[in-house]
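Trainee: Spelled out from the first residue to the last, the chains are:
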Amino acid sequence: MRKVAIAGVGMTKFGRSDKSGVELFAGAAMEAITSSNIKTREVQALFLGNVLGDFEEGQLNIAPLCANELGLPVDVPATRVEGACASAGVAIREAFIWVASGYYDIVLAGGVERATAMDTPLATRTFAMSSESRYEVFTGVTFPGVFGMVARLYADKYGLSLQTLKEQMAMVAVKNHKHGAKNPLAQFQKEISLETVLKSPMVADPLQLFDCCPFTDGAAAIVVASADIIGKLTDKPVYILGVGQGSNGSLGRQKDITRIKAREAAAGQAYKMAGLRPSDIDLVELHDCFTIAEIVASEGMGFFEFGTGGKAVEKGETAIGGRLPINPSGGLKAKGHPIGATGAAQAYEIVKQLRGECGERQVDGARIGMSDTLGGDLATVVDIIYGV
Amino acid sequence: MDYPLTHRQFYEGLKAGELLGLKCQSCGTYTVPPKITCAECGHTELEIARLNGMGKIRTFTVIRVAPEGFNAPYIVALAELDEGPWLMGNVEGLDVDDNVDGLIGRKVRVDHKVIPPLNYSAGEGVAVTFQLV
Numbered sequence: 001m002r003k004v005a006i007a008g009v010g011m012t013k014f015g016r017s018d019k020s021g022v023e024l025f026a027g028a029a030m031e032a033i034t035s036s037n038i039k040t041r042e043v044q045a046l047f048l049g050n051v052l053g054d055f056e057e058g059q060l061n062i063a064p065l066c067a068n069e070l071g072l073p074v075d076v077p078a079t080r081v082e083g084a085c086a087s088a089g090v091a092i093r094e095a096f097i098w099v100a101s102g103y104y105d106i107v108l109a110g111g112v113e114r115a116t117a118m119d120t121p122l123a124t125r126t127f128a129m130s131s132e133s134r135y136e137v138f139t140g141v142t143f144p145g146v147f148g149m150v151a152r153l154y155a156d157k158y159g160l161s162l163q164t165l166k167e168q169m170a171m172v173a174v175k176n177h178k179h180g181a182k183n184p185l186a187q188f189q190k191e192i193s194l195e196t197v198l199k200s201p202m203v204a205d206p207l208q209l210f211d212c213c214p215f216t217d218g219a220a221a222i223v224v225a226s227a228d229i230i231g232k233l234t235d236k237p238v239y240i241l242g243v244g245q246g247s248n249g250s251l252g253r254q255k256d257i258t259r260i261k262a263r264e265a266a267a268g269q270a271y272k273m274a275g276l277r278p279s280d281i282d283l284v285e286l287h288d289c290f291t292i293a294e295i296v297a298s299e300g301m302g303f304f305e306f307g308t309g310g311k312a313v314e315k316g317e318t319a320i321g322g323r324l325p326i327n328p329s330g331g332l333k334a335k336g337h338p339i340g341a342t343g344a345a346q347a348y349e350i351v352k353q354l355r356g357e358c359g360e361r362q363v364d365g366a367r368i369g370m371s372d373t374l375g376g377d378l379a380t381v382v383d384i385i386y387g388v
Numbered sequence: 001m002d003y004p005l006t007h008r009q010f011y012e013g014l015k016a017g018e019l020l021g022l023k024c025q026s027c028g029t030y031t032v033p034p035k036i037t038c039a040e041c042g043h044t045e046l047e048i049a050r051l052n053g054m055g056k057i058r059t060f061t062v063i064r065v066a067p068e069g070f071n072a073p074y075i076v077a078l079a080e081l082d083e084g085p086w087l088m089g090n091v092e093g094l095d096v097d098d099n100v101d102g103l104i105g106r107k108v109r110v111d112h113k114v115i116p117p118l119n120y121s122a123g124e125g126v127a128v129t130f131q132l133v
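Which chain is which? The protein sequence lines are A and B, in order.
Numbering-wise, the first sequence is residues 1 to 388 according to full-length UniProt numbering.
Numbering-wise, the second sequence is residues 1 to 133 according to full-length UniProt numbering.
Hints may contain errors.
Said to hold, decoys possible - Pairwise CB distance ranges (calculated):
#, chain 1, residue 1, chain 2, residue 2, range
1, B, Asp97, A, Arg2, 54 to 64 Å
2, A, Asp256, B, Pro116, 31 to 41 Å
3, B, Lys113, A, Ala227, 28 to 38 Å
4, A, Phe306, B, Tyr3, 32 to 42 Å
Claimed, not checked - If you want the footprint, here are the derived chain A segments under chain B, 3+ residues with CB under 8 Å:
#, stretch
5, 115 to 124
6, 135 to 144
7, 149 to 160
8, 201 to 208
To be verified - Listed below are several chain A residues computed to face chain B (Cβ distance under 7 Å; list not exhaustive):
#, residue
9, Ala128
10, Leu194
11, Gly252
12, Arg253
13, Lys255
Simulated from the structure, these hints should not be mistaken for laboratory data.
Please read these numbers as outputs of a predicted model, since none were measured by experiment.
Here a beta-carbon is modelled for each residue, glycine too, at the ideal position from N, C-alpha and C.
Let the sequences and hints guide you as you build the complete structure.
Mentor: Dropping the structure here:
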């Protein structure tokens, strides 16, 4: 396998947008391409995460349209990748493999979503289409409901009072909003209080509105290139040191959903490829679609003992300035979660952090970062380790 | 390869008052709901088995914001069956605005309800339900 690097990154402002999916992605992609000092005709393949374009815009097969919009040559394969909310993570891992194998030298990867084009009932229905349609969808389970069940089981398994866990979860939201307030591309650039979280409307017991990430429009893109040529593209390369991806069945098949086995597998593959351990990681962008999701992810990736992730948040260990900053971008919670783009937005943040370009939210001295994207009912997880 | 028990047969069983699953002839594990390989060891020699239909609630949520086609509030739970598998279903016969904190660990009997076709579903559906006992 060849060594693989990221040459350039691009990202739109996250939030509500009146741009089309194609326009959103093309904007982010052109920023990534331009900052890589290449012309669009030098891109050899495109892997594009997009989950619900069919329902948002009536748009299937968006990848070749994006390729054409950008002016990529007609012999460039453009492939839509769907792994629910992990789609762009899957796309980046695909790009990595094609470059590492030697088949391509320069690949564009990223994702786009226009979730706010749907009203809440349709968005809730379509997000829940990642649940098992034979055996689970007809219960009316929702994505917040899945993590509501994770939270209830977590409190029961580790003997925490639900109140204690809910306060720790609220602290995740407060921390990520504090980080997001320093991110000019974030959907919510406003700090919130514990009280705001704990007094917000109930969505899926015990998750309240401020335990949940928002619906978001946005896109992000990265240019992945062989390390052999990276010197011609950028003088600030960020290397992809390890990648991993795991797969789970329906929620019922997973049984103890506080331990997401697809994540433990993905993180294990990434650490093994990179030759690194959790203690080597300087900052993390992980899948905080709900506050409890951040707690279980921080444990599943090996940063904290199982059952103690909430305590680490309480002690401030995961804030910028703490032992291991988690989601300095604001995470899905405050930065926003355009589901098809999230994995690429995580890569964007880590590249900017490792280059020391994050201003007020900069994690000092960061040299190794790790991302974690989760899709569906804990079904697809992609973990990636980046370093300079 | 023929399916040992399809999802349609599983639901026809529920409608007839039977909780059907598959017992692995290699490791003895029960796979419920059914699939083409054993949920534990991946073996394909599976025999249709009748389960006792009893279990206990392991976790749950009260859905307050429902998808299109559903009316909140309602309870979704994962129950562990006596034979080992976990099933997702709706807890019935409870006022969701009562204190639900004690639900985890409660014994339940598996039943079902028929759901009319949703937008984007392949026809009528069946949801597992849990009756508290």
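Trainee: Please verify the coverage claim for the stretch 135 to 144 of chain A: does it have three or more residues whose C-beta sits within 8 Å of some C-beta in chain B?
Mentor: holds (count 9)
Trainee: Taking 7 Å as the limit, does the beta-carbon of Arg253 (chain A) come near enough to a beta-carbon in chain B?
Mentor: holds, 6 Å
Trainee: Given that the stretch 201 to 208 of chain A was listed as covered by chain B, double-check it with a C-beta distance under 8 Å for 3 or more residues.
Mentor: holds (count 7)
Trainee: Verify the CB-CB distance for Lys113 (chain B) and Ala227 (chain A) against the hinted window 28 to 38 Å.
Mentor: violated, 57 Å
Trainee: Min Cβ distance, Ala128 (chain A) to chain B: is it shorter than 7 Å?
Mentor: Check passed: Cβ of Ala128 (chain A) comes within 5 Å of chain B, closer than 7 Å.
Trainee: Kindly confirm whether 54 to 64 Å is satisfied by the beta carbon distance between Asp97 (chain B) and Arg2 (chain A).
Mentor: Given a distance of about 60 Å, which is inside 54 to 64 Å, the answer is holds.
Trainee: Return the status of the interface hint for Gly252 (chain A): holds when the least beta-carbon distance to chain B is below 7 Å, violated otherwise.
Mentor: It holds, given that the least Cβ distance between Gly252 (chain A) and chain B is near 5 Å, below 7 Å.
Trainee: Does 31 to 41 Å hold as the CB distance between Asp256 (chain A) and Pro116 (chain B), or does it fail?
Mentor: Since the Cβ atoms of Asp256 (chain A) and Pro116 (chain B) sit about 33 Å apart, the hinted range of 31 to 41 Å holds.
Trainee: Confirm or reject the coverage of the stretch 149 to 160 of chain A by chain B under the rule of 3 or more residues with a beta carbon closer than 8 Å to the chain's beta carbons.
Mentor: With 5 residues in contact (Cβ-Cβ under 8 Å with chain B), the coverage given for the stretch 149 to 160 of chain A holds.
Trainee: Could you say whether the range 32 to 42 Å given as a hint is met by the Cβ separation of Phe306 (chain A) and Tyr3 (chain B)?
Mentor: Once the Cβ atoms are compared, 37 Å apart, the range 32 to 42 Å for Tyr3 (chain B) and Phe306 (chain A) holds.
Trainee: Given Lys255 (chain A) as an interface hint, is the shortest Cβ-Cβ distance to chain B below 7 Å?
Mentor: Holds - the Cβ of Lys255 (chain A) comes within 7 Å of chain B, reaching about 5 Å at its closest.
Trainee: Is the interface hint satisfied for Leu194 (chain A)? The criterion is a beta-carbon contact with chain B at less than 7 Å.
Mentor: At 21 Å from the nearest chain B Cβ, Leu194 (chain A) fails the 7 Å test, so the hint is violated.
Figure legend: structure checked against the earlier numbered hints; hints not met, in rising order: 3 and 10.
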